[in-house]
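Visitor: Below, each chain spelled out in residue letters.
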Amino acid sequence: MELLMVGVFLISSIVGYLIIRKVPSLLHTPLMSGMNALSGVTVLGALVATATSSKPIVQIFSGLAVVLAFTNVVGGFSVTHRMLKMFVHKRGEEDK
Amino acid sequence: MSNFAYYIVCAALTLIVLTGIYLMSKVKTALFGNLLGAGALMLAVAITIIRNPGNLSIVLICLLAASIFGLIWSSKVKMIEMPETVALLNGIGGLASAIIGGIEFLTCTGEAFSLATAMLAVVIGTITFTGSLIAAGKLSKKIDSAPRSFKGHLTVSIILVSLMILSIVFPTIGKFSYTALFIGIVASAIFGTLFAFAVGGADMPITISLLNSLSGVAGSIAGMAVYNILLVAIGGIVGASGLLLTQIMCRSMNRSLADILLGKTTVSNSESSVPEHVTKIENSEKFDKNNSTEVLMTIRDAKNIIIVPGYGMALSQAQFLIKELYDVLTSSKVTVRFAIHPVAGRMPGHMNVLLCEADIDYEDLYELDDINEDFEKCDLAIVIGANDVINPAARDATDTPIYGMPILNVDLAKNIIICNYDLKPGYAGVENPIYSRPSGVSILLGDAKESITKLIDILKNPES
Numbered sequence: 001m002e003l004l005m006v007g008v009f010l011i012s013s014i015v016g017y018l019i020i021r022k023v024p025s026l027l028h029t030p031l032m033s034g035m036n037a038l039s040g041v042t043v044l045g046a047l048v049a050t051a052t053s054s055k056p057i058v059q060i061f062s063g064l065a066v067v068l069a070f071t072n073v074v075g076g077f078s079v080t081h082r083m084l085k086m087f088v089h090k091r092g093e094e095d096k
Numbered sequence: 001m002s003n004f005a006y007y008i009v010c011a012a013l014t015l016i017v018l019t020g021i022y023l024m025s026k027v028k029t030a031l032f033g034n035l036l037g038a039g040a041l042m043l044a045v046a047i048t049i050i051r052n053p054g055n056l057s058i059v060l061i062c063l064l065a066a067s068i069f070g071l072i073w074s075s076k077v078k079m080i081e082m083p084e085t086v087a088l089l090n091g092i093g094g095l096a097s098a099i100i101g102g103i104e105f106l107t108c109t110g111e112a113f114s115l116a117t118a119m120l121a122v123v124i125g126t127i128t129f130t131g132s133l134i135a136a137g138k139l140s141k142k143i144d145s146a147p148r149s150f151k152g153h154l155t156v157s158i159i160l161v162s163l164m165i166l167s168i169v170f171p172t173i174g175k176f177s178y179t180a181l182f183i184g185i186v187a188s189a190i191f192g193t194l195f196a197f198a199v200g201g202a203d204m205p206i207t208i209s210l211l212n213s214l215s216g217v218a219g220s221i222a223g224m225a226v227y228n229i230l231l232v233a234i235g236g237i238v239g240a241s242g243l244l245l246t247q248i249m250c251r252s253m254n255r256s257l258a259d260i261l262l263g264k265t266t267v268s269n270s271e272s273s274v275p276e277h278v279t280k281i282e283n284s285e286k287f288d289k290n291n292s293t294e295v296l297m298t299i300r301d302a303k304n305i306i307i308v309p310g311y312g313m314a315l316s317q318a319q320f321l322i323k324e325l326y327d328v329l330t331s332s333k334v335t336v337r338f339a340i341h342p343v344a345g346r347m348p349g350h351m352n353v354l355l356c357e358a359d360i361d362y363e364d365l366y367e368l369d370d371i372n373e374d375f376e377k378c379d380l381a382i383v384i385g386a387n388d389v390i391n392p393a394a395r396d397a398t399d400t401p402i403y404g405m406p407i408l409n410v411d412l413a414k415n416i417i418i419c420n421y422d423l424k425p426g427y428a429g430v431e432n433p434i435y436s437r438p439s440g441v442s443i444l445l446g447d448a449k450e451s452i453t454k455l456i457d458i459l460k461n462p463e464s
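The listed protein sequences derive, respectively, from chains F and Z.
1 is the number of the first residue of the first sequence in the working numbering; add one for each residue after it.
1 is the number of the first residue of the second sequence in the working numbering; add one for each residue after it.
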């Protein structure tokens, strides 16, 4: 299990690295804020933690982690969406 | 759901996320790519809740509250504030990972792997959190953005890193768990703070990329601690992307990552040579009065113009005026293109976002490699708030810190108009030979907004 975890980490890092290399610097800011939103995936860990123990202290902290991480997810994706819309928006005008 | 099915679903979701990122490499598909990523993450959340049924009502309330807060926040952000927004979001993601690590550390059954990864998540998450807060403060100018470091910075950093390592190692051999947790948190919090304080405003693109990478790594390691394979995978992707951007930024700024991490900055060399610059400024002002109008007037006849926006344009918020200039020029059939250096702006790619915000077509924005050969052929290059990235000294002055840095070949243009705040050397502290070029250069000093207004006036009033 431990080896699998480390293996998944390495493989996904390498594949991610290769794919991201193709992104032009034109889109680096949206890419970064998109990646930033993805880093809120840690919400999954927080969700697992809420279920591990019913101790109030664990509930409070894991609940806090859920809120923080999910704010990161929602805020990150919608900010990225707004930015990308500005890029695409120009296309629409051009077509007119 | 059986374990096998779960792994298949995880692999599928990871693939969807990767596809989403892949789609983000083109403007046309990027919007869909982003939605795909968001969708995959929502599915992952749903699956995780089903597999780990805890207190459902609390979880849902938390998710709902976070969604509302996140949506309101993101709808109010201005584009110029994007760097600090990303930094802040990053920071809270890091804090979440640290908390998960902390919970796992205190509740796990005591296997070395869980303890070590949980503690590592705490440490990296905390560094991300404090580092991002300081970075966000600097970017939003709530904290002075000058690099702050002190003499023993290196020593202190080494001590802090050793403390962090000890706090990870000791619990795994069953000793001082609580003390270790406490020391780990404190040491990493201080480390993150010092590190972000030591970085100057111009190096911020590197810091943000690095923090972004760290937040991914923190998440991934937290995932190892709680044995959540999806978290490990996606965290790893984020970590790799941040690292890649960090590398790109370092290369484009000619800075080594180690120097930045250890608080080495280039502030000192500009002070020593101040007198020399003063005379240079006087010279070029004289020269400014004599010759520059000719060059300024070339803007009326130029058919092929390249505009080079830099950090100064972002600071002065001149992008909307640039759009006006662009409109005036393009309406009289002039080809206007923008040459964008990879580090222009305050975070990777920030300049493109600012120009797009001002309604400039992204197809007129060119990357360094795609436009550099065209400077020779263009009639006029207009530089707005950029210095180091156009400094030809980077090509042959081997003893300067910018030697070898990729630059835009503005100096090859026949005519150059430079709208910079002053004639001081850029952040790297290297004199720019373009300023003292005998002909074909006009320098408009002062706020970029005023300089561009002046250019627009020249275009609109042919008599003056």
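No lab work stands behind these hints: they were computed from the structure.
Check each hint, because a few of them may be wrong.
As the list claims (entries may be wrong) - The list that follows gives simulated cross-link-like pairs (lysine-lysine, DSSO-like), each with its CA atoms no further than 27 Å apart: (1) Lys28/Z / Lys55/F; (2) Lys323/Z / Lys414/Z; (3) Lys76/Z / Lys449/Z; (4) Lys414/Z / Lys303/Z; (5) Lys449/Z / Lys22/F; (6) Lys414/Z / Lys55/F; (7) Lys85/F / Lys303/Z; (8) Lys22/F / Lys414/Z; (9) Lys22/F / Lys303/Z; (10) Lys85/F / Lys414/Z.
Visitor: Taking the hints in turn, state whether each one holds.
Guide: Comparing the hints with the structure gives:
In summary, the hint linking lysine 28/Z to lysine 55/F is not supported, as the alpha carbons are separated by about 49 Å, beyond the 27 Å threshold. Proximity of lysine 323/Z to lysine 414/Z is assessed by CA-CA distance (about 23 Å); at most 27 Å being required, the pair is judged to hold. For the hint linking lysine 76/Z to lysine 449/Z, the alpha-carbon distance of about 25 Å falls within 27 Å, and the restraint holds. Restraint check for lysine 414/Z and lysine 303/Z: the C-alpha separation of about 13 Å stays at or below 27 Å, so the hint holds.
A distance of roughly 35 Å separates the Cα atoms of lysine 449/Z and lysine 22/F; the hinted pair therefore is violated under the 27 Å criterion. Taking the CA atoms of lysine 414/Z and lysine 55/F, the gap is near 73 Å; set against the 27 Å cutoff, the hint is violated. A hinted pair counts as satisfied when its Cα atoms are at most 27 Å apart, and lysine 85/F with lysine 303/Z does not qualify at roughly 31 Å. This hinted pair does not check out: lysine 22/F and lysine 414/Z have alpha carbons roughly 34 Å apart, beyond 27 Å.
The hinted pair formed by lysine 22/F and lysine 303/Z fails the criterion: a straight-line CA distance of about 33 Å is larger than 27 Å. Of the pairs offered as hints, the one joining lysine 85/F and lysine 414/Z is violated, with about 37 Å between alpha carbons and a cut-off of 27 Å exceeded.
Going through the hint list in order, the structure does not satisfy hints 1, 5, 6, 7, 8, 9 and 10.
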